[in-house]
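Student: Given the coordinates of chain B, work out where chain H should sit on it, guided by the hints.
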Amino acid sequence: MTLRGLRWAIPAAVLPVLALLTYGFWTDPKEIPSPLLGRPAAAFSLATFDGGPISLEGLRGKVVMLNFWASWCVPACYDEAPAVERTWRAYKNQGVMVVGIDIQDKEEAARQFLARFGHTFPNAPDPRGRVSVDYGVYGVPETFFIDRNGRVRFKHVGALTDEIARRHLDALLKEPA
Amino acid sequence: MIPELGYAATVAGFVLALSGAVAAVVGGWTGRAEWLRTGERAAIGVWVLITVCIALMLYAFLTFDFSVRYVAINTNRGTPFYYRITALWGALEGSIVLWSWMLSIYTLIVVVQYRRRQPELYPWVLSVMLGILAFFLLVMTIPAPPFERLTPIPPDGRGLNPLLEDSGMITHPVALYLGFTGFTVPFAFAMAALIIGRTGEEWITITRRWTIIAWYFLALGLLIGGWWSYHVLGWGGYWAWDPVENAAFMPWLTATAFLHSVMVQERRRMLKLWNLSLIILTFGLTLFGTFLTRSGIIGSVHSFTQGSIGVFFLSFLSLVLLGSFSLLAWRMDRLRAESQLDSVVSRESTFLLNNLFLLAATFTVFFGTVFPLLSEAVRGVKVSVGAPFFNLVNIPVFLTLLFLMGVGPLIAWRRASAQNLKRNFLKPVLAGIVAAAVLRLFGVANVLVLAAMGLVIFVSATIVLDYARAVRARRRSGEGWSAATWGLLLRQNRRYGGFIVHLGVLVVALGVAGSQAWSVQTETTLEKGQSVELGGYRVRFDGLEASEESNHGKVTGTFSVTSGRHWDVMLHPGRKFYPQEQTPIAAVDYRLGFIEDVYLVLGDFARDGSQATIKLQVNRMVSWLWLGGFVLTIGAALAILPDHRKPA
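Sequences listed follow chains B and H, in order.
For the first sequence, position 126 (counting from the first letter as 1) is numbered 171 according to the numbering used here, and the numbering increases by one without interruption.
For the second sequence, position 469 (counting from the first letter as 1) is numbered 1309 according to the numbering used here, and the numbering increases by one without interruption.
Keep in mind that the hints are not guaranteed to be accurate.
Below, in silico cross-link-like pairs of lysine-lysine (DSSO-like), each with a Cα-Cα straight-line distance of 30 Å or less [what the hints assert, rightly or not]:
| hint | chain 1 | residue 1 | chain 2 | residue 2 |
| --- | --- | --- | --- | --- |
| 1 | B | Lys137 | B | Lys107 |
| 2 | B | Lys200 | B | Lys219 |
| 3 | B | Lys151 | B | Lys137 |
| 4 | B | Lys151 | H | Lys1416 |
| 5 | B | Lys151 | B | Lys219 |
| 6 | H | Lys1394 | B | Lys151 |
Taking CB as the label site, the calculated pair distances span [stated by the list, open to error]:
| hint | chain 1 | residue 1 | chain 2 | residue 2 | range |
| --- | --- | --- | --- | --- | --- |
| 7 | B | Gly96 | H | Pro920 | 32 to 42 Å |
| 8 | H | Phe1434 | B | Val62 | 28 to 38 Å |
| 9 | H | Ser1403 | B | Gln157 | 45 to 55 Å |
| 10 | B | Pro61 | H | Asp1173 | 19 to 29 Å |
| 11 | H | Gln1451 | B | Leu60 | 29 to 39 Å |
| 12 | B | Gln139 | H | Val1151 | 31 to 41 Å |
| 13 | H | Arg1316 | B | Val62 | 52 to 62 Å |
| 14 | H | Gln1451 | B | Ser100 | 29 to 39 Å |
| 15 | B | Ala135 | H | Gln1370 | 55 to 65 Å |
Hint data in this document are derived by calculation from the structure and do not stem from the laboratory.
None of the values given here were measured: they were computed from a predicted structure.
Heads up, the beta-carbon is just placed ideally off N, CA and C, and yes, glycines get one too.
If we strip away everything but chain B, and leave its shape as in the complex, we get:
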């Protein structure tokens, strides 16, 4: 038998499989592009927790970062909350509007969440869940970046970071109005 010479072929046979699995780290099975990208963002008009009105129509001409969250969304919404507030503070004088939309929540818990992180940008509950349905929100947090012409341009699923927000907002701000 020529088994002797071929013996090291046995461990070597494992290598291609391991290589394929390693390749898997560079792919994301859940990364399915949102069909909303490039389309006009769905209009909404809601009452904020402070009682004021907020509507997408009223923000035309600004770059809008629309952040969907909930107080029960542990831990991702808690992880990203400081970054969302920092982004708002950094960009509010550059023609950017940050809007938080709280979905499927209890008002009491939501207010506690806002107080804890000291959010200063407008936040509104979505009582009938209509806005989250219009935007195809699957799980919180999800963040949509809307350009000055009211089109959805980027969507981020999961906790937002300063870096991701900066990248998308800078790109949209560079575009001519």
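Tutor: Same frame as chain B, but now just chain H:
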């Protein structure tokens, strides 16, 4: 406080396991007993520390300690008491803890059983097991720490995945992990045998019962998983070829192959290389399954969250596969077969065929599971293959395996004579053909179902024939009825345990074939008071009711079901609305029956309760799957009793 204590126990456990593994290696190398004793003490210490981790986690769950991130994610104040306990292993981090705990128990049993009996193999077995434990404790320390702190502490947690609020959450993971971790023992013995060069039948004889135990629990875990899928997920089926199911199915297939091929080695001293490869493959596949379901590289219904854990698992998997196959290559000279295949018509070659088909099934399942990756790597397109691919390829393979299951146990070793074949198989083959013909006359037209039923009858007939002959022989030698029937089972427990396991598999096969071929379903929208008919049942929609449970809202429908045989019951399927879930969760209702189940799912409904959309199924023979599980249990229990035969 809990997070710090738990983390300290985890780190200490990791250090102890690693140093214990090293101590056992030194003990094995130098033959000095004190090093071995150190390794043993480490094994005990590791078990104690993991037990402490579990106790701390339980305490954190029961006291709603949301400073522990894992607790905050997997419970909220509405989670019922019972599910706060099972939430312990409801997600990634906790599942690793449960895994490690079981492995530490297996390690202790190995220490108790083999420290005196197997002085040569034992040190290496201990070090391999402690090494594997060290890996899992490393995972608990770095990429998946169950005691990670959460700041700021939220007022309430997110809540357990609602699909896990089911009694199956106790039995399914426990059975599955007992199976997965159980294969560590034969694997460790195989490695020890390779290291010290004792590559004979010894490691196989020692681990036979371990392998059966692990195999049985894996089978049970798969069946309970199917039951969970059937009565919780509400899609009406029990098996979907989802990656997570495949991940558990693959090691079961290779372990089944292993259980059969070791008999050839015990009897004929052949297939040594093959058997070692099979156990390495089986153990590797248990790791692969864990990697697959936790690394997030392939989408699955089991969405364990991800992170760097995939890198850890893949590195360890590489180490295990490359290391153990290299060891195998290094010992190749000692793995020569001591006899040859004498004839194609023999038990050896039947078992070999059975192995080839089982491996073919494993390969196709593997191929289908990683296909999305493969296609993205080669063509840049995300594609996945679904049930049609798996069914198309695997049905012929499994039908062949059924046939071999009838042939294998009764065909003669070495070379079967025409006399042997005629005596054992003529009547069963006729029985199978007659059964298929009768079913055909009764209108069964599906060729695959006819083949499956015919084969089931053929295999059952071989078993019954063999048993009847043995009983008759005992009776002739003067034994009473009970000694000849029950006594025979106990005296030849290994043989008849195996036969009963085969019967269990046949019952499951009937369930699969029957349910695939004969189940019927309909989807319809009913006004209040309206009825729908299916398969002899009439289902009337009587109304809807809303209620508020501790952690979710629920809408429950009332449906009265009547059949022609004056059979009248109420079914209450519902839909549950959890705040943390975007989509409602179905609460299925059903009546199980020996021949058929009535299975009702509530879909959309009008808010005023005037209208409801339902999915009604009459699922035939699904209960046979669960029944098969009981038969398997009896067979496996019989097979692991001490072997009463004299060693050959």
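Student: It remains to establish, for every hint, whether it holds in the given structure.
Tutor: A quick look at each hint next to the structure:
For the proposed pair Lys137(B) and Lys107(B), the alpha carbon gap of about 10 Å is at most 30 Å, so the pair holds. Our distance criterion of 30 Å between C-alpha atoms is met by Lys200(B) and Lys219(B), whose separation comes to about 18 Å. Of the pairs offered as hints, the one joining Lys151(B) and Lys137(B) holds, with about 28 Å between alpha carbons and a cut-off of 30 Å not exceeded. A threshold of 30 Å between alpha carbons decides the hint, and for Lys151(B) with Lys1416(H) the separation of about 18 Å falls inside it, so the pair holds.
Under the criterion of a C-alpha separation no larger than 30 Å, the hint pairing Lys151(B) with Lys219(B) is inconsistent with the structure, at around 39 Å. The hinted pair formed by Lys1394(H) and Lys151(B) meets the criterion: a straight-line CA distance of about 17 Å does not exceed 30 Å. At about 38 Å, the CB distance of Gly96(B) to Pro920(H) agrees with the hint of 32 to 42 Å. The given range of 28 to 38 Å is broken by Phe1434(H) and Val62(B), whose C-beta atoms sit roughly 44 Å from each other.
Between Ser1403(H) and Gln157(B) the C-beta distance comes to about 54 Å, which sits within the given range of 45 to 55 Å. Between Pro61(B) and Asp1173(H) the C-beta distance comes to about 27 Å, which sits within the given range of 19 to 29 Å. The hint said 29 to 39 Å for the Cβ distance between Gln1451(H) and Leu60(B), and at roughly 59 Å that hint is violated. Range check, Gln139(B) to Val1151(H): about 39 Å between beta-carbon atoms, so the 31 to 41 Å window is met.
Roughly 56 Å separates the CB atoms of Arg1316(H) and Val62(B), a value that falls within the hinted 52 to 62 Å. Range check, Gln1451(H) to Ser100(B): about 34 Å between beta-carbon atoms, so the 29 to 39 Å window is met. Range check, Ala135(B) to Gln1370(H): Cβ separation about 60 Å, and the 55 to 65 Å hint holds.
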